[in-house]
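Just need the whole structure built from these sequences, with the hints factored in.
These are the residues of each chain, in order.
There are 2 protein chains.
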Amino acid sequence: MSRLVMKFGGTSVGDVERIARAARLVAAERKPGRGLAVVVSAMSGETDRLVSLARGAAGEAGNGAPPPADDFNDEYDVVVAAGEQVTTGLLALALRRIGVPARSWQNWQVPIRTDDAHSKARVADIETTEIGRAIDAGEVAIVPGFQGVSGAGRVTTLGRGGSDTSAVALAAALKAERCDIYTDVDGVYTTDPRIVAKARRLEKISYEEMLEMASLGAKVLQTRSVELAFAQRVPVRVLSSFVEPGAHNPGTLVCSEEEIVEKQVVSGVAYSRDEAKVTLLGVEDHPGVAAEIFARLADANINVDMIVQAEARQPGRQNMVFTCPDRDAGRAVDAIDKVREKIGVEDIHVRRDVAKVSVIGIGMKSQVGVAKTMFAALAQKGVNIEAIATSEIKISVLIDAAYTELAVRALHTAYGLDAA
Amino acid sequence: MSRLVMKFGGTSVGDVERIARAARLVAAERKPGRGLAVVVSAMSGETDRLVSLARGAAGEAGNGAPPPADDFNDEYDVVVAAGEQVTTGLLALALRRIGVPARSWQNWQVPIRTDDAHSKARVADIETTEIGRAIDAGEVAIVPGFQGVSGAGRVTTLGRGGSDTSAVALAAALKAERCDIYTDVDGVYTTDPRIVAKARRLEKISYEEMLEMASLGAKVLQTRSVELAFAQRVPVRVLSSFVEPGAHNPGTLVCSEEEIVEKQVVSGVAYSRDEAKVTLLGVEDHPGVAAEIFARLADANINVDMIVQAEARQPGRQNMVFTCPDRDAGRAVDAIDKVREKIGVEDIHVRRDVAKVSVIGIGMKSQVGVAKTMFAALAQKGVNIEAIATSEIKISVLIDAAYTELAVRALHTAYGLDAA
Chain A
1151 MSRLVMKFGG
1161 TSVGDVERIA
1171 RAARLVAAER
1181 KPGRGLAVVV
1191 SAMSGETDRL
1201 VSLARGAAGE
1211 AGNGAPPPAD
1221 DFNDEYDVVV
1231 AAGEQVTTGL
1241 LALALRRIGV
1251 PARSWQNWQV
1261 PIRTDDAHSK
1271 ARVADIETTE
1281 IGRAIDAGEV
1291 AIVPGFQGVS
1301 GAGRVTTLGR
1311 GGSDTSAVAL
1321 AAALKAERCD
1331 IYTDVDGVYT
1341 TDPRIVAKAR
1351 RLEKISYEEM
1361 LEMASLGAKV
1371 LQTRSVELAF
1381 AQRVPVRVLS
1391 SFVEPGAHNP
1401 GTLVCSEEEI
1411 VEKQVVSGVA
1421 YSRDEAKVTL
1431 LGVEDHPGVA
1441 AEIFARLADA
1451 NINVDMIVQA
1461 EARQPGRQNM
1471 VFTCPDRDAG
1481 RAVDAIDKVR
1491 EKIGVEDIHV
1501 RRDVAKVSVI
1511 GIGMKSQVGV
1521 AKTMFAALAQ
1531 KGVNIEAIAT
1541 SEIKISVLID
1551 AAYTELAVRA
1561 LHTAYGLDAA
Chain B
1151 MSRLVMKFGG
1161 TSVGDVERIA
1171 RAARLVAAER
1181 KPGRGLAVVV
1191 SAMSGETDRL
1201 VSLARGAAGE
1211 AGNGAPPPAD
1221 DFNDEYDVVV
1231 AAGEQVTTGL
1241 LALALRRIGV
1251 PARSWQNWQV
1261 PIRTDDAHSK
1271 ARVADIETTE
1281 IGRAIDAGEV
1291 AIVPGFQGVS
1301 GAGRVTTLGR
1311 GGSDTSAVAL
1321 AAALKAERCD
1331 IYTDVDGVYT
1341 TDPRIVAKAR
1351 RLEKISYEEM
1361 LEMASLGAKV
1371 LQTRSVELAF
1381 AQRVPVRVLS
1391 SFVEPGAHNP
1401 GTLVCSEEEI
1411 VEKQVVSGVA
1421 YSRDEAKVTL
1431 LGVEDHPGVA
1441 AEIFARLADA
1451 NINVDMIVQA
1461 EARQPGRQNM
1471 VFTCPDRDAG
1481 RAVDAIDKVR
1491 EKIGVEDIHV
1501 RRDVAKVSVI
1511 GIGMKSQVGV
1521 AKTMFAALAQ
1531 KGVNIEAIAT
1541 SEIKISVLID
1551 AAYTELAVRA
1561 LHTAYGLDAA
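Protein chains in written order, with this note's numbering: chain A, 1151 to 1570; chain B, 1151 to 1570.
None of these hints come from the bench; they were simulated from the model. Yeah, the Cβ is synthetic: ideal placement off N, Cα and C, and Gly gets one too. Certain hints may be false.
[Claimed, not checked] DMTMM-like cross-link-like pairs, simulated, lysine to aspartate or glutamate; straight-line CA separation at most 25 Å:
| id | chain 1 | residue 1 | chain 2 | residue 2 |
| --- | --- | --- | --- | --- |
| 1 | A | K1488 | A | E1434 |
| 2 | A | K1531 | A | D1342 |
| 3 | B | K1270 | B | D1478 |
| 4 | A | K1270 | A | D1424 |
| 5 | A | K1181 | B | D1221 |
| 6 | B | K1181 | A | D1221 |
[To be verified] Examples of chain A residues toward chain B, derived with CB under 8 Å:
| id | residue |
| --- | --- |
| 7 | V1166 |
| 8 | L1203 |
| 9 | A1204 |
| 10 | A1208 |
| 11 | F1222 |
| 12 | A1232 |
| 13 | Q1235 |
| 14 | V1236 |
| 15 | T1238 |
| 16 | A1242 |
| 17 | A1244 |
| 18 | R1246 |
| 19 | R1247 |
| 20 | S1254 |
| 21 | W1258 |
| 22 | Q1259 |
[Unchecked claim] Label pairs and their computed distance ranges (CB to CB):
| id | chain 1 | residue 1 | chain 2 | residue 2 | range |
| --- | --- | --- | --- | --- | --- |
| 23 | A | R1184 | B | K1270 | 33 to 41 Å |
| 24 | A | D1221 | B | V1411 | 46 to 54 Å |
| 25 | A | G1301 | B | P1475 | 48 to 56 Å |
| 26 | B | D1266 | A | R1344 | 47 to 55 Å |
| 27 | A | R1199 | B | Q1459 | 51 to 59 Å |
| 28 | B | I1538 | A | R1199 | 52 to 60 Å |
| 29 | B | D1484 | A | R1199 | 39 to 47 Å |
| 30 | A | D1165 | B | E1496 | 51 to 59 Å |
| 31 | B | Q1459 | A | R1180 | 57 to 65 Å |
| 32 | A | E1327 | B | K1270 | 39 to 47 Å |
| 33 | A | G1195 | B | V1393 | 29 to 37 Å |
Listed below in structure tokens is the structure:
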């Protein structure tokens, strides 16, 4: 008996017609000896509507306001989780309509157990005895994504985009052969096709590359779902829900490095505009100063990305540069301001019109000259590099945001990624 | 320790502002030594939206189409039950916002156990140990109306209007002092105030009277909820949710006959326009004919109300008259047609422009001359009576629908119900 988990995102179940098409895609995957489970998101727009109602009831301002206080999160979860419940029932009805045995399994019926961290819970354990028996008997099981039930027996949600994580967790628990994520794009691309017309769909990408792609701003899969797939070795396929069954729809397989025979030096180019560069000028140059700075930033819950330290012109002084998400820049400055005297910062500059561009490739591990190609390609276009960060499988540079598209296109060509 | 159950209908929680007012009404009922549970409906319009989605997914036509087939009802319930879940969370948030400890309890968390009759389930048992402990400790418990969980562990719904029944069932299980039903009217009236400007709000009404009022077309409380309140002796108060706490809002108490000291001969006048009169002319007059007719109608699931049998002009023949809901008249004729030969029906007439007007009063049991007053009042206005039906506490007449308002007003005056 093999098992397959399929997942449909919000736009893929956005109305009754799309739900009917999702049902046909599910029906096409049925075959003897294979059990099917389907994870669904709320219909597109529905989660926003419910969040807005919850905020209204809790007395929060409209969108853009901070999320409800922690002691409101349990009921916020109750409100928002209703969205996926509706979709499970609708997809079950649509499947039965075309003669496919199906039923919904709510979070407490499976059950999908999570920790107690309301609105950002993590899946702890999925009980698969009953649901596994049902799918092995040929009945399609439809499960709401994004939610679970806590140890205290309350409804929890996993946070935005958590449906991908639900799907991968269910696939791992069911020991499924694969987890197919149906979405509004037909796969993972070498870069953003809106910027580079010659971007190519990748046949395969390794978990590690996908993790870098996801966290660097390619919004196809939620980062946590990729981490989980990597940890549990669940092959994940990303493919389009906007085609009829039988049409050409290979998608992109996210899998172990070992399964990718021909490893690209660079598989993709990612970018993020949500960056700010903070420069601390004339910081005292003695042990403990960096620790003091980054401890303050960590206390303020600011996710620091690149860090560059350079000598200043004055002896005994240095300049410290770091990047963080643009929305956190103001808070970062406030956090530093508190210890400004103590560590002797002469001045703080914030630059918000910066972007991070990265090249990612598992083949980089065993290849030299990758950085050289990058810097040369950027230099040739007159793009100035403000900061550099590297990992085993990626090189990121911080540049003036105005050059983002130019840089992405130049790098896409330089690494031979352009489609023929 | 006393306990109170409050219930808010769809219009009373129709938007965030109304939910905030419902929260204030709940807060006003808190006092030491009293536990509060609140049953909520879906926000007005929400159930219709969800039903329409479910019908779309199941391939049913729009509104007006028959409900989904029986083997779709389980998932229809999953979809529709989400509406009340949302309201429970929103009301909990609104209560916490004003400093009142509150939490939602979903159908499976209480649990509220029902039978397995999806979309028309009946409450079997409510487990009150945990929820009772919570409310006695001062935390308001918010429970979704209209739903429960079956023996098989699936979501069930009680059918339209089932939230009243949920509230009464919860009040009975919690041994509450009373069940307060907050709605868009401020009580039960002697008759429809849209027809009779002098209609009066009743301070008290007996369960039996309310049952007759409810089933005869006064749409304040769902009939099943009154039956349950009667059987379990739960006092039910109907009152307005459209006033602020502290305002004059006595409502109407539905209670045992014994608690009503001054029993009115007639407490109210009800009417229904959803009636059709079916006349079978020249039916053979021998034993078993009536049984044959009404067996056919029962098989067709037609709710026959009044029945009048009269001799026809021809010897050995009789005329049989019955009434049924207007929407069932066509099916009633079809059902009779099948046995027309067998029982010798000469002709079938259907009259759809008829209305049923009823006077109801617990005092009727011990009073003579009630019918005389009715017939005299109608005769004086020239209203012809087409059929009569009586029970211990009501007299109903079938009349030409054009005279409905005239008849209701005449009877309201004749029994001394007009407000001063």
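Okay, the hints, checked on the actual structure:
1. Simply put, K1488 (chain A) and E1434 (chain A) have alpha-carbon atoms about 16 Å apart, close enough for the 25 Å limit, and the pair holds.
2. A hinted pair counts as satisfied when its Cα atoms are at most 25 Å apart, and K1531 (chain A) with D1342 (chain A) qualifies at roughly 20 Å.
3. Note on K1270 (chain B) and D1478 (chain B): the hinted pairing holds, with a Cα-Cα distance of about 20 Å set against a maximum of 25 Å.
4. Of the supplied pair hints, the one linking K1270 (chain A) and D1424 (chain A) holds, its CA atoms being roughly 22 Å apart against a limit of 25 Å.
5. A hinted pair counts as satisfied when its Cα atoms are at most 25 Å apart, and K1181 (chain A) with D1221 (chain B) qualifies at roughly 23 Å.
6. With a CA separation close to 23 Å, the supplied pair K1181 (chain B) and D1221 (chain A) stays within the 25 Å bound.
7. The criterion of a C-beta within 8 Å of any C-beta in chain B is met by V1166 (chain A), whose closest approach is roughly 4 Å, and the hint holds.
8. For L1203 (chain A), the suggested interface contact is upheld, since its CB lies about 6 Å from the closest CB of chain B, less than 8 Å.
9. About 6 Å separates the beta-carbon of A1204 (chain A) from the nearest beta-carbon of chain B, less than 8 Å, and the hint is met.
10. With its C-beta approaching chain B no nearer than about 4 Å, A1208 (chain A) sits inside the 8 Å limit, and its interface hint holds.
11. Because the smallest distance between the Cβ of F1222 (chain A) and any Cβ of chain B comes to about 6 Å, under 8 Å, the interface hint for this residue holds.
12. A least Cβ separation of about 4 Å between A1232 (chain A) and chain B falls short of the 8 Å threshold, and the interface hint therefore holds.
13. Because the smallest distance between the Cβ of Q1235 (chain A) and any Cβ of chain B comes to about 5 Å, under 8 Å, the interface hint for this residue holds.
14. At a threshold of 8 Å, the smallest CB-CB gap from V1236 (chain A) to chain B is about 5 Å, leaving the interface hint in force.
15. Residue-level restraint check for T1238 (chain A) holds (minimum Cβ-Cβ distance to chain B is 6 Å; threshold 8 Å).
16. Evaluation of the A1242 (chain A) hint against chain B yields a held restraint, the C-beta minimum of about 4 Å falling below 8 Å.
17. Because the smallest distance between the Cβ of A1244 (chain A) and any Cβ of chain B comes to about 5 Å, under 8 Å, the interface hint for this residue holds.
18. With a least beta-carbon distance of about 6 Å to chain B, the hint placing R1246 (chain A) at the interface is held under the 8 Å criterion.
19. The beta carbon of R1247 (chain A) is positioned within 8 Å of a beta carbon in chain B (closest approach about 4 Å), and the interface hint is therefore held.
20. Hint status for S1254 (chain A) relative to chain B: holds, with the closest Cβ pair at about 5 Å, below 8 Å.
21. At about 5 Å, the closest approach between the beta carbon of W1258 (chain A) and any beta carbon in chain B falls short of 8 Å, and the interface hint on this residue holds.
22. For Q1259 (chain A), the suggested interface contact is upheld, since its CB lies about 6 Å from the closest CB of chain B, less than 8 Å.
23. Taking the beta carbon of each, R1184 (chain A) and K1270 (chain B) are about 36 Å apart, inside 33 to 41 Å as hinted.
24. Restraint check, D1221 (chain A) to V1411 (chain B): a C-beta distance of roughly 49 Å satisfies the suggested window 46 to 54 Å.
25. Between G1301 (chain A) and P1475 (chain B) the CB atoms are about 51 Å apart, so this pair conforms to the stated range of 48 to 56 Å.
26. Between D1266 (chain B) and R1344 (chain A) the Cβ separation comes to about 52 Å, which falls inside the hinted range of 47 to 55 Å.
27. Distance hint for R1199 (chain A) and Q1459 (chain B): a CB-CB separation of about 57 Å, consistent with the stated range 51 to 59 Å.
28. As the Cβ distance of I1538 (chain B) to R1199 (chain A) is approximately 53 Å, the hint placing it in 52 to 60 Å holds.
29. Roughly 45 Å separates the CB atoms of D1484 (chain B) and R1199 (chain A), a value that falls within the hinted 39 to 47 Å.
30. At roughly 55 Å, the beta carbons of D1165 (chain A) and E1496 (chain B) sit within the given window of 51 to 59 Å.
31. Q1459 (chain B) and R1180 (chain A) have their C-beta atoms about 59 Å apart, which keeps the hinted 57 to 65 Å range intact.
32. Range check, E1327 (chain A) to K1270 (chain B): about 41 Å between beta-carbon atoms, so the 39 to 47 Å window is met.
33. Range check, G1195 (chain A) to V1393 (chain B): Cβ separation about 35 Å, and the 29 to 37 Å hint holds.
Consistency note: the structure conflicts with none of the earlier hints.
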